[in-house]
Amino acid sequence: MSTQQQPAANKRSDPQPGLLSGLGQNHARAFFFSAGKLSSHPLSSLLTALVIGITLALPAALHLLILNLDSLSFSWERTVQATLFLEDSLAEKSGRDLTQRLQARPEVLKAEYISREQALEEFRALSGFGQALDLLDENPLPAVIAVQPSKDASQAQIDALIKEMSNTKGVESARIDQSWLERLNAIITIVQHIVQALAVLLALAVVVTVGNTIRLDIQNRKAEIEVMKLLGATNAFVRRPFLYTGVWYGLCGGILAWLLLQCVLWVLANPISYLAGLYQSNFSLIGLNFEATMALFAGGIFLGWFGSWWTVSRHLSAIEPK
Amino acid sequence: MAGSGQNIVEFHGVSKRYPGGGDALDLVNFKLRRGEMAFLTGHSGAGKSTFLKLIALIERPTRGNIIVNGVNLSQLKKHHIPAYRLGLGIIFQHYNLLYDRSVFDNVALPLVIRGLRHQDVARRVRAALDTVSLLKKERAQPIALSGGEQQRVAIARAIVCKPFVLLADEPTGNLDPDLSLDIMNLFQRLNEVGVSTLIASHNIALISKLNKRIIDIEHGKIVSDNYKGKRLP
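Residue numbers (our numbering), protein chains in the order written: chain A, 1 to 322; chain B, 1001 to 1233.
What the hints contain is simulated information worked out from the structure, not anything from laboratory work.
Everything numeric in this text was worked out from a predicted model, so none of it was measured.
Fair warning: there could be bad hints in the mix.
Okay, the calculated bits of chain B under chain A, using three or more residues with CB under 8 Å as the criterion [to be verified]:
| no. | region |
| --- | --- |
| 1 | 1102-1112 |
| 2 | 1115-1127 |
List of simulated lysine-lysine pairs, DSSO-like, C-alpha gap at most 30 Å [said to hold, decoys possible]:
| no. | chain 1 | residue 1 | chain 2 | residue 2 |
| --- | --- | --- | --- | --- |
| 3 | A | 322 | B | 1031 |
| 4 | A | 169 | B | 1209 |
| 5 | B | 1053 | A | 222 |
| 6 | B | 1212 | B | 1031 |
| 7 | B | 1209 | B | 1031 |
| 8 | B | 1136 | A | 37 |
| 9 | A | 93 | A | 169 |
| 10 | B | 1077 | A | 222 |
| 11 | B | 1053 | B | 1078 |
| 12 | B | 1209 | B | 1221 |
| 13 | A | 322 | B | 1077 |
| 14 | A | 151 | A | 110 |
| 15 | A | 93 | A | 151 |
| 16 | A | 169 | A | 151 |
| 17 | B | 1077 | B | 1031 |
| 18 | B | 1078 | B | 1031 |
| 19 | B | 1212 | A | 322 |
| 20 | A | 322 | B | 1221 |
| 21 | A | 322 | A | 222 |
| 22 | A | 222 | B | 1078 |
| 23 | A | 110 | A | 169 |
| 24 | A | 93 | A | 37 |
| 25 | B | 1137 | A | 37 |
| 26 | A | 37 | A | 322 |
| 27 | B | 1053 | A | 322 |
| 28 | B | 1137 | A | 222 |
| 29 | B | 1053 | B | 1221 |
| 30 | B | 1078 | B | 1221 |
Some chain B residues judged to face chain A by a derived CB distance under 10 Å, without partners named [said to hold, decoys possible]:
| no. | residue |
| --- | --- |
| 31 | 1053 |
| 32 | 1059 |
| 33 | 1082 |
| 34 | 1084 |
| 35 | 1085 |
| 36 | 1086 |
| 37 | 1090 |
| 38 | 1097 |
| 39 | 1098 |
| 40 | 1099 |
Cβ atoms here follow ideal geometry from the backbone N, Cα and C, with glycine treated the same way.
Build the full structure now, drawing on both the sequences and the hints.
This is how it looks when you write it as C-alpha cells:
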C-alpha cells in the first residue's frame, strides 16, 4: 500500500505550478486536446471549416475585386490627356513657349503644341466635315496644347496643374477628360460600401456557424461536462477546450479561404492576361499580400473564438451535475 | 487543510424538500468522524442519494446546516463550489468515466483540473492506479474494461487528489457479489490508511459483513445508527 492516498495524515503535497506557467500549461493542454478532438472526426470538422472558409473567401474575393478595379482605373488615369485651349489672341510663339515651359515640369511627360492650322487639318481629315469648314470665313478652331501627365504624377499634382493652367494668361480653358473615370471611381466607392456591409453579414455568419457547431458539441458532451464539474472543474476550465475548438475552426476556415482564393486567381490568370493583351495592357491580377493574408487568418481565428465564446457562455453555466 | 474538528461531516437539523415532492430528508442530525467509514442504507427513495448530493453540493438543503471539513456549506458561494469539490472524492453507480480518453487520462483529470505539472500528474496517477491494482491498464480505453475494473478506475480517480472524504453512491449497484466484495474491501483498505468514507448502499447482506457503522434511513429520517457499534433504537 503506498502512502499516496493518505489525505488527512499526508500533509506533503505536490508543488503547485506558478500562476503563469500553470495557465500556459492549461492552455497548451486545451489547445492540443481540442485539436485531437477535431481530428478524431476529420470529415465533419473539415466540412465545418469549409463552410467557414467559403464564408470568409467571399468578402476576401470582393476585396480583391476592388483592389484590382482600383489598380485598373489607376493605370487608365495614366493614359489621360489634359487639353489647354488657347485664346486666339495668343501669338503662336507665346503658345510654343508655354508648351516648352510645361514640357520642363516634372509632372508632365509630354506637352505638344497644336496650332490652329494643324487643328483645322486634323479636323478636316478626321471629321468628314471638311467641306462645311470651307464655308466658314475663318478657322473656328483654337490652338491647343495636349499635355500628358507623367506616370509618377499624383492626382493632386495633375489637378493643381490644370487649375494653374486655367488661370494662366492666354489660356482660355484647361480641361481633363476623366468624367468616366470619376464615374468608375464613384462606382468603386459604392461597391466598397457594399463589400463592407457584406463582410459584416458574412462575419456574423461565421460566428453563427461556429456557435452552432459548438452548441451541438456541448450537447453531445453534457454528461462529460457534468462529470468534470463534479470533479471540481471551474467554468473556465470546462470552457477552454471549446474556445480552442472555435479557434481551430476559424484558423482552418481562414486557410481554406486562402486556398480557395488562390485557386480562383490561378484559374483567372490566363483569361485575364489574354484580355489585357487585347487592350495592349500588361495588367495582371493582384493577389492577397502578406498583411491581407495574415488579416484573413487573424479574422478567422477571432470570429471562431468569438462564436465559441458567445455560445459557451450562454450554455455552459446551465449544465450542472444532478 | 482547513478545519481541525474531529468530525469531517456534520448535519445539523438538515431537511431537504424537492419542489412538488415530500421530504427527501427530514431534520437529520449526523456526524462522520475524521477517518471513519460508514454506510448509508435504506430502500430506494429513502434519501440516501440526497444525503450524498447535499455533501457534494449538487443540492442545497431546504433548512439546517451542513459542515464539511470545517466549512459551513450554506456560506459557500457558487463560485467557490469547484474548489470545494476538489477536496471530495465522488464515486457513482455508473462509474461516470469519460469514454473518449484512456484510463490514465481519466484518473489524471482531477490533477489536470488542479493544474499540476505533467511529471507530478504521471507520478500520482500511477500511484492511484497501483492502489486499485490497475497499473497495467493505464493505456486501455475504459470501455474495454469489465464493470469491476471500471469502478476501480473511478475509485482511482476519486482518491488521486487525496480527498478529505470519499463519497460513494451505490458503488456496487452494477456488479456481481464477488466483484462487489472486492470493491468494498478496496474501500476498507483505503479507510485503513485514513480516508474518511461514506458509502450509500442498499446491499445490507454485503455491508453487514464488513463490521462498520451502518446508518439506516427511511422516509428521510435516520431510523437506526449503530454508532460506536451500539445500535440505536
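Verification of the supplied hints:
1. 1102-1112: holds (count 3)
2. 1115-1127: holds (count 7)
3. A:322 - B:1031: holds (24 Å)
4. A:169 - B:1209: violated (121 Å)
5. B:1053 - A:222: The hint holds at about 19 Å.
6. B:1212 - B:1031: holds (15 Å)
7. B:1209 - B:1031: holds (22 Å)
8. B:1136 - A:37: holds (25 Å)
9. A:93 - A:169: Given that 30 Å is the threshold and the Cα spacing comes to 14 Å, the pair holds.
10. B:1077 - A:222: Satisfied, since the Cα-Cα distance of roughly 23 Å is no more than 30 Å.
11. B:1053 - B:1078: Holds, because 15 Å separates the two Cα atoms, which is no more than 30 Å.
12. B:1209 - B:1221: Distance ~24 Å between residue 1209 of chain B and residue 1221 of chain B Cα, so the pair holds.
13. A:322 - B:1077: Distance of about 18 Å is within 30 Å: holds.
14. A:151 - A:110: holds (11 Å)
15. A:93 - A:151: It holds: about 28 Å lies between the C-alpha atoms, which stays within 30 Å.
16. A:169 - A:151: holds (27 Å)
17. B:1077 - B:1031: holds (23 Å)
18. B:1078 - B:1031: Status holds; Cα separation ~24 Å.
19. B:1212 - A:322: Holds, because 29 Å separates the two Cα atoms, which is no more than 30 Å.
20. A:322 - B:1221: With Cα atoms ~22 Å apart, residue 322 of chain A and residue 1221 of chain B stay inside 30 Å; holds.
21. A:322 - A:222: Status holds; Cα separation ~11 Å.
22. A:222 - B:1078: holds (20 Å)
23. A:110 - A:169: OK: residue 110 of chain A and residue 169 of chain A at ~21 Å, within 30 Å.
24. A:93 - A:37: The hint is violated at about 84 Å.
25. B:1137 - A:37: Status holds; Cα separation ~22 Å.
26. A:37 - A:322: holds (26 Å)
27. B:1053 - A:322: holds (8 Å)
28. B:1137 - A:222: holds (27 Å)
29. B:1053 - B:1221: holds (16 Å)
30. B:1078 - B:1221: holds (28 Å)
31. 1053: Status holds, d = 8 Å.
32. 1059: holds (9 Å)
33. 1082: With Cβ-Cβ at 4 Å, under 10 Å, it holds.
34. 1084: Holds - the Cβ of residue 1084 of chain B comes within 10 Å of chain A, reaching about 8 Å at its closest.
35. 1085: With Cβ-Cβ at 4 Å, under 10 Å, it holds.
36. 1086: This hint holds: residue 1086 of chain B lies near chain A, its Cβ roughly 4 Å from the closest one there, short of 10 Å.
37. 1090: Residue 1090 of chain B check passes; min Cβ-Cβ to chain A is 6 Å, inside 10 Å.
38. 1097: At 8 Å from the nearest chain A Cβ, residue 1097 of chain B passes the 10 Å test, so the hint holds.
39. 1098: At about 5 Å, which falls below the 10 Å cut-off, the nearest Cβ of chain A leaves the hint on residue 1098 of chain B intact, so it holds.
40. 1099: holds (9 Å)
Checked against the numbered hints above, the structure breaks hints 4, 24 and satisfies the rest.
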